[in-house]
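Asker: In case you want the letters, here they are:
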Amino acid sequence: NWEQDGFSQGYHAIGYIFLPGDGPQKRFTAPPVNSPAWTQVSPKPQTQPLPVFTINYPRIQVPFEITLWILLASFAKIGFNMYHKITIWIPESCLLISVGLVVGGIMYAVHGMPPAVLTSNVFFLYMLPPIVLDSSYFMPTRPFFENVGTVLWFAVVGTLWNSLGIGVSLYGVCQIEALGLKDINLQENLLFASIISAVDPVAVLAVFEDISINEQLYIVVFGECLFNDAVTVALYNILSFVATMPEVETVDVFLGMARFVVVGLGGLFFGFLFGFAAAFTTRFTAHVREIEPFFVFMFSYLAYLVAELFSLSSIMAIVTCALTMKYYVEENVAQRSCTTIRHVVKMLGTMSETLIFFFLGVATITTDHEWNWGYILFTLLFAFVWRALGVFVLTQIINPFRTIPFNFKDQFGLAYGGLRGAICFALVFLLPQNITCRNLFITATIVVILFTVFIQGISIRPLVECMKVRRTNRKLGTINVEIHKRLMEHTIAGIEDICGQWSHYYWKDKFKKFNDRVLRKILIRDNRAESSIVALYKKLELQNALELLGPAPSDLSAAPSLMDLHVETKPTARTKRNFPASDLRNMHELLSKNMYKIRQRTVEYTKKSALPNDSKVREILIRRHISIRHSFRVGSFPRTVWNLNVSSLDNAEGPGLEDKQSWKMTLHPCSGSRGTDLELEPLSATSSVSQLQRFSSRQERPLQNRYHQPERREHELGQQTSREPIAEGLWGQPQRDSWTAHRYSRSRDEHRPGGGNLPPSAPTGWAQEPLIQKGGGSQNHLNRRPHWRPHNPHGPQSPGQVD
Amino acid sequence: QTYLFQYTFAVTPAHIKRLYKRFQALDKGNKGYLSPQDFGSVKELATNPIGDRIIGAFFSQGQETVDFHSFVRILAHFRPLDKNRAKRPDSPEPINSRISKLRFAFQLYDQDNDGKISRDELLQVLRTMLEMQVTEEQLESIADRTIQEADLDGDNAISFDEFRKSLEKVNIEHKMSSRFLH
Numbered sequence: 001n002w003e004q005d006g007f008s009q010g011y012h013a014i015g016y017i018f019l020p021g022d023g024p025q026k027r028f029t030a031p032p033v034n035s036p037a038w039t040q041v042s043p044k045p046q047t048q049p050l051p052v053f054t055i056n057y058p059r060i061q062v063p064f065e066i067t068l069w070i071l072l073a074s075f076a077k078i079g080f081n082m083y084h085k086i087t088i089w090i091p092e093s094c095l096l097i098s099v100g101l102v103v104g105g106i107m108y109a110v111h112g113m114p115p116a117v118l119t120s121n122v123f124f125l126y127m128l129p130p131i132v133l134d135s136s137y138f139m140p141t142r143p144f145f146e147n148v149g150t151v152l153w154f155a156v157v158g159t160l161w162n163s164l165g166i167g168v169s170l171y172g173v174c175q176i177e178a179l180g181l182k183d184i185n186l187q188e189n190l191l192f193a194s195i196i197s198a199v200d201p202v203a204v205l206a207v208f209e210d211i212s213i214n215e216q217l218y219i220v221v222f223g224e225c226l227f228n229d230a231v232t233v234a235l236y237n238i239l240s241f242v243a244t245m246p247e248v249e250t251v252d253v254f255l256g257m258a259r260f261v262v263v264g265l266g267g268l269f270f271g272f273l274f275g276f277a278a279a280f281t282t283r284f285t286a287h288v289r290e291i292e293p294f295f296v297f298m299f300s301y302l303a304y305l306v307a308e309l310f311s312l313s314s315i316m317a318i319v320t321c322a323l324t325m326k327y328y329v330e331e332n333v334a335q336r337s338c339t340t341i342r343h344v345v346k347m348l349g350t351m352s353e354t355l356i357f358f359f360l361g362v363a364t365i366t367t368d369h370e371w372n373w374g375y376i377l378f379t380l381l382f383a384f385v386w387r388a389l390g391v392f393v394l395t396q397i398i399n400p401f402r403t404i405p406f407n408f409k410d411q412f413g414l415a416y417g418g419l420r421g422a423i424c425f426a427l428v429f430l431l432p433q434n435i436t437c438r439n440l441f442i443t444a445t446i447v448v449i450l451f452t453v454f455i456q457g458i459s460i461r462p463l464v465e466c467m468k469v470r471r472t473n474r475k476l477g478t479i480n481v482e483i484h485k486r487l488m489e490h491t492i493a494g495i496e497d498i499c500g501q502w503s504h505y506y507w508k509d510k511f512k513k514f515n516d517r518v519l520r521k522i523l524i525r526d527n528r529a530e531s532s533i534v535a536l537y538k539k540l541e542l543q544n545a546l547e548l549l550g551p552a553p554s555d556l557s558a559a560p561s562l563m564d565l566h567v568e569t570k571p572t573a574r575t576k577r578n579f580p581a582s583d584l585r586n587m588h589e590l591l592s593k594n595m596y597k598i599r600q601r602t603v604e605y606t607k608k609s610a611l612p613n614d615s616k617v618r619e620i621l622i623r624r625h626i627s628i629r630h631s632f633r634v635g636s637f638p639r640t641v642w643n644l645n646v647s648s649l650d651n652a653e654g655p656g657l658e659d660k661q662s663w664k665m666t667l668h669p670c671s672g673s674r675g676t677d678l679e680l681e682p683l684s685a686t687s688s689v690s691q692l693q694r695f696s697s698r699q700e701r702p703l704q705n706r707y708h709q710p711e712r713r714e715h716e717l718g719q720q721t722s723r724e725p726i727a728e729g730l731w732g733q734p735q736r737d738s739w740t741a742h743r744y745s746r747s748r749d750e751h752r753p754g755g756g757n758l759p760p761s762a763p764t765g766w767a768q769e770p771l772i773q774k775g776g777g778s779q780n781h782l783n784r785r786p787h788w789r790p791h792n793p794h795g796p797q798s799p800g801q802v803d
Numbered sequence: 001q002t003y004l005f006q007y008t009f010a011v012t013p014a015h016i017k018r019l020y021k022r023f024q025a026l027d028k029g030n031k032g033y034l035s036p037q038d039f040g041s042v043k044e045l046a047t048n049p050i051g052d053r054i055i056g057a058f059f060s061q062g063q064e065t066v067d068f069h070s071f072v073r074i075l076a077h078f079r080p081l082d083k084n085r086a087k088r089p090d091s092p093e094p095i096n097s098r099i100s101k102l103r104f105a106f107q108l109y110d111q112d113n114d115g116k117i118s119r120d121e122l123l124q125v126l127r128t129m130l131e132m133q134v135t136e137e138q139l140e141s142i143a144d145r146t147i148q149e150a151d152l153d154g155d156n157a158i159s160f161d162e163f164r165k166s167l168e169k170v171n172i173e174h175k176m177s178s179r180f181l182h
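So the sequences go chain by chain: A and B. Its first residue numbered 1, the first sequence is counted upward by one per residue in our numbering. Its first residue numbered 1, the second sequence is counted upward by one per residue in our numbering.
To be clear, the hints were calculated from the coordinates, so they are not data collected in a lab. It is possible that some hints are incorrect.
As the list claims (entries may be wrong) - Which residues of chain B face chain A? A partial, calculated answer using Cβ under 10 Å:
no.	residue
1	LYS21
2	ARG22
3	ASN30
4	PRO49
5	ILE55
6	ALA57
7	PHE68
8	HIS77
9	ILE99
10	LYS101
11	VAL125
12	LEU126
13	VAL134
14	ILE158
15	ASP161
From the three backbone atoms N, C-alpha and C, an ideal C-beta is built for every residue, glycine too.
With the rest of the complex left out, here is chain A (with noise of 0.2 Å):
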């Protein structure tokens, strides 16, 4: 039932001290400990009357404690969010900690021990595990490949480099006889050290997404962080064995290197298999759609508890699972399943985070402390000193193999950014208790811990700020410059994009094919080699249209201003406009808030306690869907624009479509004189043409009915994203554009019943190159529309076509 110890009763005896009593039955005596726990009355030789109202808190104390914490811890949590001034200097971790520490003052005060449930069987099994996975779920793939060598590289050579290093000097600090600490071995010091030397993903990465700093600083913080893991582990494990040994041989360093590596691959082997598992389960599962989250959340902690099972590095296991395990679970599974996974990875990983930190902060009133002013001091900067040198030559020899070189600036953030979290302090919980010193340990842990998370914590922000490591560009230029500026860093962009990824792609290209070949038929339910374009667009025209289902879809209110684009500028000359500075501040502010950031280089990351959306590239998508709507006129200019058969979702999901399909908004063109010519454009992706032939039988039928419903979401502003599927994609396909472009005139006269007819030569007229056919027909380079090709004046080329 419940636990006999010491802790359970103090326990148990605070529930009865403020539990109100009751009626006739007072018990201020302790219960009989024995007693079973569904006796509440001692047994008395004469008659009771029935009991109405009972207590019984020993039977549900475990969970209602479990329960009251992370209430406790998350009501914290709300309280600091909602003073949003302080979360900006003061990272939530430290917050956390500090409301830890009250708390733990109070049970202390009380009664002196610490929360039964904080064991360090309970952090590496409960509450470890959804933290890592939501890491390395949301880890951005791509940025993490480019940079694995740099991660491995700092992961592994770095944290060795620090423990060596801390471990060595502490025992020459231990040397010292000042210090009275000639008992520590050196073993034991190095045991100590690589403790010491894990750097934590937890704190690390709420302070610098706080901070937001550059993407590469991220993922390779981010990376070394989940990755010194195995180092850690193995290290501790060789060194914890040794330290109980009287003397230490050279074959046990050679042992240690095997077990280190075997602990490393190890744990990447087993993520591998689950990941593939995982994988490979969600392909049947297209009847259960109920279940698939489950899935992904139980394969993943078997791998962490496998990995742990061997006694290898369990969150490597688990975040090769994620990363293995995400893409191809997200093509088999709904999008609600897929929405669902992602929530609550989120919420676990960040309901755990919240509960460490504040533990920590319990644990650290509650424990036996041993206090060595000497020897806490000086790890506190061997700790520091070591990283930054670690950090400094591990650059220098790497930087000549980046793409981007780190600067000093990144190097500053590099090392500064080393803060200890909650693995170390219950790593060393774990020591054996025959370490002499192992209070002392405990206790310079958690003063390492606290400096860390405090100091560097608190004032990283304004040092990056100071020294300007490479953030998010805002410069305040002149308006010119900024929006030039912009357009040459989307260029960049896009040419490196062309050219491809030099160093990496023909590994990239080689796993594409062999992805493509072996990997996605075995594990993806329907495996059409989609190019990636479409399943993107695909998911987030989903995600768009439900969004739009909702109350007023706020991302869209500007749409209407754009669909008001009056087609006749005012060609006569503007009079200078005097633009007073607070307009010009204004422009200023909305050029730097709105324009599209660019995904590379220094890109601001997403902040971790937030879902991540696609809303930027969803924006993008949504807009070059609505342009189809923009109004023509012979001398505007063409715009590319990628659109998908929409109702080709009709086969990508399962049940949970028909009611989305049911609602289709429909095309409802803004009244006004214009010429609605729309421009048909057609999809990029040429693997899916063949999956849109598929489809575009099926859905001429299903899309009258569609066109049927106008009035479904009229508004009077303006036209909404149309859901038309147009069934252009087909480059060169002439008979798709007639077949369109029918549909087009035909809806048009259905919604507008007075309204001009559009001419039959509407067709050709919207589909013909609007050039301005100035100087003889030469067309600018720059001005193709490499898509259109249909209506060739060269003749009809099919017997569909209305020309």
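Given the structure of chain A, go ahead and fit chain B onto it with the hints provided.
Answerer: Okay, now just chain B, sitting in the frame of chain A:
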């Protein structure tokens, strides 16, 4: 041909080989030239606000295909500048010079190739680069301000010279260079 490239575009043989491999990888169907669909298969271009304009830049006037020569020619614009290049008075401006890069950027705006960025063209680009939270009036103000800042001869459009002048303080060589072509 390698020598030709080297001479004309100052691209190293190693780069040429890589570019050729990339060209072949993009060229689905091994046609020997690139068509717009091939560019479309580069996923990230779809989410690039000016992706279509960049693709358009590859196709020279009237062409529907890009051969390797043109491919390299366009990409050569983005080579970092050789600071040590001796300036020979009679040699043509190298393709990756500052002026060249500026011209490339200018042409991304100037779709009708009339040598000026008109207000419409500017609005177009602004619209693609800005998110939807910006209203049309704001966009127009920004465009107006931009033209006002740059326009020196009062024609309500930005000519190439005005464009160049407005960017004189900006490190174009750095901004318009790709690390991959280093």
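Asker: If a hint holds in the structure, say so; if it does not, say that too.
Answerer: The hints, checked one at a time:
1. For LYS21 of chain B, the shortest C-beta to C-beta distance to chain A is roughly 8 Å, which falls under 10 Å, so the interface hint holds.
2. Among the interface hints, the one on ARG22 of chain B holds; its C-beta lies about 5 Å from the nearest C-beta in chain A, closer than the 10 Å criterion.
3. With 10 Å as the threshold, the beta carbon of ASN30 of chain B stays out of range of chain A, its nearest partner Cβ sitting at about 14 Å, so the hint is violated.
4. With a cut of 10 Å, the hint placing PRO49 of chain B at the interface with chain A holds, because the nearest CB-to-CB distance is about 5 Å.
5. The closest approach between the C-beta of ILE55 of chain B and any C-beta of chain A is roughly 7 Å, which is under the 10 Å cut-off, so the hint is satisfied.
6. Taking 10 Å as the C-beta cut-off, the interface hint given for ALA57 of chain B holds, the closest approach to chain A being about 5 Å.
7. Nearest Cβ of chain A to the Cβ of PHE68 of chain B: about 13 Å, over the 10 Å cut. The hint is violated.
8. The closest approach between the C-beta of HIS77 of chain B and any C-beta of chain A is roughly 8 Å, which is under the 10 Å cut-off, so the hint is satisfied.
9. Against a cut-off of 10 Å between C-beta atoms, the interface hint on ILE99 of chain B is violated, since the closest Cβ of chain A lies about 14 Å away.
10. Annotation: interface hint on LYS101 of chain B holds; nearest CB of chain A at approximately 8 Å, less than 10 Å.
11. With 10 Å as the threshold, the beta carbon of VAL125 of chain B comes within range of chain A, its nearest partner Cβ sitting at about 7 Å, so the hint holds.
12. Proximity of LEU126 of chain B to chain A holds as hinted, the smallest CB-CB distance being about 7 Å (cut-off 10 Å).
13. The closest approach between the C-beta of VAL134 of chain B and any C-beta of chain A is roughly 5 Å, which is under the 10 Å cut-off, so the hint is satisfied.
14. Satisfaction of the interface hint for ILE158 of chain B is found here, the shortest Cβ-Cβ separation to chain A being roughly 8 Å, below the 10 Å cut-off.
15. With its C-beta approaching chain A no nearer than about 14 Å, ASP161 of chain B sits outside the 10 Å limit, and its interface hint is violated.
Violated hints, in rising order: 3, 7, 9, 15; the structure is consistent with all others.
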